[in-house]
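Take a look at the letters that make up each chain.
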Amino acid sequence: MGINKDLTAASSTPLVLAILAEGDSYGYAILQRVRELSGGSMEWTDGMLYPVLHRLERLGHVESRWKNVENGRRRKYYRITRRGREQLAEDRRQWQAVDATLRNIWGALSVALPGWSADQGPAQAERA
Amino acid sequence: MPAPDPSASLEEQIGQWRSYLRRRQAVHAVDIAELEDHLREQVAVLAGAGLAADEAFLVAVKRMGNLDALSREFAREHSERLWKQLVLMPAEADAEPSTVPRDALVAFCLAAAAAAAIKVPALFGLELDKDSGFYARNLGVLLLPLLTGYFAWKRRLGAGALGWLAAAFVVAAVFANVYPFAPRGSTGALTAVHLPIALWLAVGIAYAGTRWRQVEGRMDFIRFSGELLIYYALIALGGVVLMAFVANIFRAIRIDAGPFLGSWLAPCGAAGAVIVASWLVEAKQSVIENMAPVLTRLFTPLFAAVLLLFLGTLVWTGRGIDIERDVLIAFDLLLAMVIALLLYSASARDPVAPPGAFDFVQVALVLSALATDAVALSAIAARISGFGFTPNRVAALGENVILLVNLAWSAVLYVRFLRGRGSFTSLERWQTGYLPVYGAWAAIIVILFPPLFGYR
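Taken in sequence, the protein lines are chains A and B.
So the working numbering is basically just the index in the first sequence, starting at one, shifted up by 888.
So the working numbering is basically just the index in the second sequence, starting at one, shifted up by 89.
It is possible that some hints are incorrect.
27 Å max Cα-Cα, derived DSS-like pairs, lysine-lysine [what the hints assert, rightly or not]:
| # | chain 1 | residue 1 | chain 2 | residue 2 |
| --- | --- | --- | --- | --- |
| 1 | B | Lys243 | B | Lys373 |
| 2 | B | Lys208 | B | Lys151 |
| 3 | B | Lys219 | B | Lys208 |
| 4 | A | Lys964 | B | Lys151 |
| 5 | A | Lys893 | B | Lys151 |
Take a look, some chain B residues computed to stay more than 10 Å from chain A by CB distance [unchecked claim]:
| # | residue |
| --- | --- |
| 6 | Ala158 |
| 7 | Phe163 |
| 8 | Trp253 |
The hints are simulated quantities; they were obtained by calculation from the structure and are not laboratory data.
Ideal placement from N, C-alpha and C gives every residue a C-beta, glycine not left out.
All chains should be built: construct the whole structure from the sequences, respecting the hints.
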């Protein structure tokens, strides 16, 4: 199951901020964490993470520094800032409001949707 | 045959990928380093899972995503990068870190030397306002050796070429100063105008280096000259604003800055700006769109329209051209302008592109300029006895013939190209091959005219 572009773009900011709130990290590890958390359903094109990180840095939500890692390579680490945490809290409120609204309508929805059974979630064929 | 070292070929592949990314102006070297770190980790993880190095590389590159889309995202995030492309001191460390600062350093030292050179004659008691004739004749001799030196250094010219260029400047200095020019005489003024033209050829030889004999090398020099003119005009504009401020704020404390501006800031700034503008043109040539061809595109139709209007008015009113005044100079400038329009649109044209609408406008411009000049020349020929062969008029007539020949043959080549019987490159070859003719005529005026006309 893929997630469409608009949703991916909209959720990328809180997702990255939240991952960085767990601890400082760098591009590849952030992507690994996204895969882990979404069970593989959120497939980002790897490169696209970096413009997102740079935007967050420009907005002052994260800061970056280069660190030396093994065999002479350098790696750019990102850390969430205080303003980033504030932004994350705000994003979380908004997403929870959206999520709660959607949950209410999913619960109230009685018509059948194609490829979906009301009590088990996505139908087997769709999941495979 | 031994199997290629897998790690070496991986490095090679990553190197190719890196150089491919480097061409994107929105993606800077630090970003490439960050993306490369990602790529390497991905390759290592995939290789650890059992993939061969080249397979791992392919998968990692695919996961990185389409580079066009990626650089578009970078451009959206860093939109300023699409504007500010001229970095004077490169922030991106790994792109040959030493060359640009050294280049800038040499350019600024030479600019300082040029600013000093313009004041050297003052040490010998020659004042800018009282000996303006001397300064006018020696301007090229004072400044252009430094510009030539800059390019000689940049292109690493051999000793032989250096010797010839130095000899050319020595000869120029001699002819600018040995003749007993009459004060306010026209031969002195002709030397002042034409010596820099002749010496500009020496700058071109240094600029093009070993490529002076090739069409491309000379075309690059033409492009450089046009951009230099535009940059110099912009810098001069800034200089005027600066001087206006200096004059005004010092007037506020009742100090007259005029003498300082007139004898120091203006001449030294104007001299140094020649080198600075040249260096800027060199530094930005590959990152910013050339301006001269853009102006050409804008003005070619306008000039063509004005010339056609002029010819129409001439026929309609039946007025003759007044040859009493030095009108020929105006027509020389017109022809030179048309050649410049032709040259700069040619300099930006894809030589293999088929003829388009703009080419027809270009031909209309050339033909109407030829017709206009023919009218002027026939007016002069009709009254040749009353023409009066002053030095100015002979020089202007010679220039007219030179420009006319150039333009006439250009018209023939252009029409051939439009009719599909010739290639555009033959027009380029003709134009670039013609460059020495201008220099030669300028040299003739400098060397032969003063004695021929009795230094008046």
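Status of the hints after comparison with the structure:
| no. | hint | in the structure |
| --- | --- | --- |
| 1 | Lys243(B) x Lys373(B) | 15 Å, holds |
| 2 | Lys208(B) x Lys151(B) | 63 Å, violated |
| 3 | Lys219(B) x Lys208(B) | 14 Å, holds |
| 4 | Lys964(A) x Lys151(B) | 22 Å, holds |
| 5 | Lys893(A) x Lys151(B) | 18 Å, holds |
| 6 | Ala158 | 8 Å, violated |
| 7 | Phe163 | 6 Å, violated |
| 8 | Trp253 | 50 Å, holds |
Figure legend: structure checked against the earlier numbered hints; hints not met, in rising order: 2, 6, 7.
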